[in-house]
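So the chains spell out like this:
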Amino acid sequence: MDEKDTVILRELQKNGRIAAGDIAVMLEVDENEVENRIAALQAGGILRRCTAVIDYGAAGVDEVAVILSLKITPERGLGYDGIAAQIARFPQVESILLLTGTYDLQVIIRGQSMAEVSRFVAEQIASIEGVRETMTQIVMRTYKEQGVEMLRPGSRDRQLITF
Amino acid sequence: MRNFVSRMAGELPPSGIRKFFDLLLTMDNVISLGVGEPDFDTPWNISQAAISSIEKGMTMYTSNRGLAELRELLSADLDQRYHTKYCPETEMVITTGVSEGLDIAIRAVVDPGDEVLVVDPCFVSYQAEVLMAGGRPKTLPCSAQDGFKVTPDVLMESITPKSKVLLLNFPTNPTGGVMGKDDLQAIADIIIDHDLLVISDEVYAELTYDGHHVSTAAIDGLWERTITLNGFSKAYAMTGWRLGYLCAPKEITNAALKIHQYVMMSAPTASQFAGIEALKNGEDAKNEMIAEYRIRRNLFVKGLNDVGLPCHLPKGAFYAFPSVEGTGLSDEEFAERLLREQHVAVVPGSAFGKNGRGHVRTCYAVDRAKLSEAVRRIGVFVESLHS
Chain A
1 MDEKDTVILR ELQKNGRIAA GDIAVMLEVD ENEVENRIAA LQAGGILRRC TAVIDYGAAG
61 VDEVAVILSL KITPERGLGY DGIAAQIARF PQVESILLLT GTYDLQVIIR GQSMAEVSRF
121 VAEQIASIEG VRETMTQIVM RTYKEQGVEM LRPGSRDRQL ITF
Chain B
1 MRNFVSRMAG ELPPSGIRKF FDLLLTMDNV ISLGVGEPDF DTPWNISQAA ISSIEKGMTM
61 YTSNRGLAEL RELLSADLDQ RYHTKYCPET EMVITTGVSE GLDIAIRAVV DPGDEVLVVD
121 PCFVSYQAEV LMAGGRPKTL PCSAQDGFKV TPDVLMESIT PKSKVLLLNF PTNPTGGVMG
181 KDDLQAIADI IIDHDLLVIS DEVYAELTYD GHHVSTAAID GLWERTITLN GFSKAYAMTG
241 WRLGYLCAPK EITNAALKIH QYVMMSAPTA SQFAGIEALK NGEDAKNEMI AEYRIRRNLF
301 VKGLNDVGLP CHLPKGAFYA FPSVEGTGLS DEEFAERLLR EQHVAVVPGS AFGKNGRGHV
361 RTCYAVDRAK LSEAVRRIGV FVESLHS
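Sequences listed follow chains A and B, in order. Here full-length UniProt numbering is used: position 134 in the first sequence is 134, and no number is missing along the way. Here full-length UniProt numbering is used: position 278 in the second sequence is 278, and no number is missing along the way.
The reader is advised that the hints may include incorrect statements.
[As the list claims (entries may be wrong)] Just some of the chain B residues that point at chain A, by a computed CB distance under 7 Å:
#1 Leu257
#2 Ile259
#3 Asn298
#4 Lys302
What the hints contain is simulated information worked out from the structure, not anything from laboratory work. Yeah, the Cβ is synthetic: ideal placement off N, Cα and C, and Gly gets one too.
With the rest of the complex left out, here is chain B (with noise of 0.2 Å):
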């Protein structure tokens, strides 16, 4: 029988995490900072609106774009949140998750051989999603010197003829880099001098904790250049909900459209019916969640440097980002060694990317107790390699 894989499928590198699956699978009593998610429940309220649309039949299809009420209050909120205005009928696309709106942007804008700057160390997704559309990712290094900010210097000498697209995440995972309004203003130049799109996720964007988020799309020249992916997931612990949105000039929000009616027809309906009362009543929950955040960012940082991982002090998403290079260890050496002997779970910083090599991935969205109790393991942990 012949190989049925298509040769994309075959090529497609493997997650940098696969291999801790068996390992994972076989062990007790294990914390995991592994997972990149809330540990919160989704506000009550919000899920009993789901509840209730579910209920009262409302188990249809969704239009393609999604509810109409829930694009007029996201276009509403990113306005008076961010100062970028989309307007609901043209420029917006419910979509199932950012994922999934990652992957319709991706694909409505790049060609084969189309060369798509992603910074590195990034979302492993990234570079996967790119080369699933037939194109090709080209690195961006960023380093903990810059704050693993994008730099004028460095994006200019990444770019090539063949560079069409930036993909930013900002605040960034893996590292909870962000990026400021004097950053990307000074970017913005080289953006617009050579052409470029950007892809700006930003579903991050509410967990930022010094100062307020700057939306890509509200740099002068840069709206009519950006398609702004954001999503429900992390600001109101909706990861399981699937409820994300592309919002992008017209012609771009279109040809993303064509795809998503295609592959997805719409995003599930009850969770949309939860995104309209995220959006009406779910402020005081989510900021509730994300003061919880920081209270945990501040002390989980302060233990990694206290038990001898140096670690910056990330200003928005939730991952640490500790460097692990004065064990003497790899990082992936650091989290399998972690993980047998400790029973801690992280992620090796090299699975997102070459310049996340010689750190380790810590989300801190875990209980503080379980976080107090990684703290001391992972202590224990570096002090057994130093004796």
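This is chain A alone, in the form it adopts within the complex (with noise of 0.2 Å):
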């Protein structure tokens, strides 16, 4: 990793559609070195996949997120990775953080219904052994999202002409 690489990255991040000409461009070097670079950071599993920030309800698309927040006992050798590992496999999980404070994990989980995320909740992450108490915080309204305000119109208004 290098002053390149990171800025391979951000841009990436920020538009995971960006063309490799475009970051040679702005990098003032050739589009090989661009894709070697980004074959590189996805070899060495630093990128690990470039993804979309996407406003559902501006969509119209009924959604409901959950944040699930986790007491667990960790496990002997494991410590908290094997039931980390456990949660993360569902699909309907979007994140897994290992926190400091009164609750050791925080699930962000995702779901067509309240019914539905409920059943998986109950069913599938408070009945797995090690998992001691669940509370589960409904998410009303998303203002940032992986660095994105979703409150704000993508450019402002501005004079068309000054100096």
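Combine the two chains into a complex, taking the hints into account.
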């Protein structure tokens, strides 16, 4: 990882669809170099996936997200990792974070309805051995996601002509 | 009723881009590359500092010179960044933007009939400011071949016995040209030999992409004959805050301060608190914006060249100044037709002086998606001229 790799990662994070040619112009290098660097970042497990930030609400799609906080009894030899890995395998789980404080894991889960998410939490997560306590909070609105402010328009009006 | 308008105001030439106003107002979906300002928000910590100052009731005038803390921070910043030393108590004035700094600088030193050498092409206000002070602007032609720099030969040819002030602006609006240490040193002896004063507008200093900005006052022998102007607008995305500063030897600063206190009292107080926060904690956000401008410059200039508008790589500011001569249109015709036919606003180069003819000024402080769409539309327009 050097400064150029950092720029490549930042650009891909902002826009996963950006062309390697454009990154090459930005960095003042040739396109092959950018492609090789992207390939190396993928091979090294640094660049995991280029994804999109979607405002489903704006698209009129009803979706439910909950933040599930868990108290865990760490497993001998594995600590929190074994249980986190079990939870991570479910496609409904969007993220898992290990935290300090009252709860150990914070899990974000998305689903089509509250009933679906509730069932998933009760049947699949709460029943995992080692999960001692759960607290579920419903996400009412997303204001910022992956650095994107959802309430702000893409661009602001400004005067067309000044000096 | 008699005509109450003063002769000076009546004779002042209107801005060369004025005629686009009416046309623009009737159009939708215009991508404007005509605006010389960052498209970023002011970093939030900077805005928050101003809000806090208002909440605390700091809403009175400040000292005419500006808040002492701001001047002290600026003095240290200029020393560290550009190796120029100014005493915050006697050699600095906080102004209402660089625009006011320019006005009071010129009025502090120009007597009626004095000649002010102005780089051509240059920012549209310069000649007007000289005229408003009763001075006589004299243009100093710069060309793309010379990277829009001031060369010793051209400077020598332009100086007359009436020449008193040389007005420099590097990096330059509208060309993006810069003057390095060698370039400034090459003209320093001429400036000293002809006993000229330099007014150096360095508001784009931090937007220098290749190498570091060299301040005119840092050149041997020039500090004592230079008024340095700078501000927060461009580097910190603070155009609307109207915050600038003037630095010069004590006797010139005192003269400028007298004019400042009669016409402006002091710079906006909340803006000065924002400026303090910018200097204390604005470095990272500023560097991120500058890195983004550099990326846009590279993409945009390549795009312009690819669609058939030859453009040198500007080394500073956030303007590209492509030639439109190959299209067969004058720069004014080009700008007007591009606006009418493709809804892209650019400024004809001749608005910035005779030597701007055949070019258009485009500002790439526009988000990348719009910039890319603007290049596409310019390409369609240029193509249509050839078919």
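Here's how the hints hold up against the structure:
For leucine 257 of chain B, the suggested interface contact is broken, since its CB lies about 26 Å from the closest CB of chain A, more than 7 Å. Checking isoleucine 259 of chain B against chain A by beta carbon gives a least distance of about 22 Å; that is not within 7 Å, so the hint is violated. Of the supplied interface hints, the one on asparagine 298 of chain B holds, with its beta-carbon coming within about 5 Å of a beta-carbon of chain A, less than 7 Å. Here the hint on lysine 302 of chain B is kept, as its CB sits about 5 Å from the closest CB of chain A, short of 7 Å.
Comparing the model with each earlier hint shows violations of hints 1 and 2; every other hint is respected.
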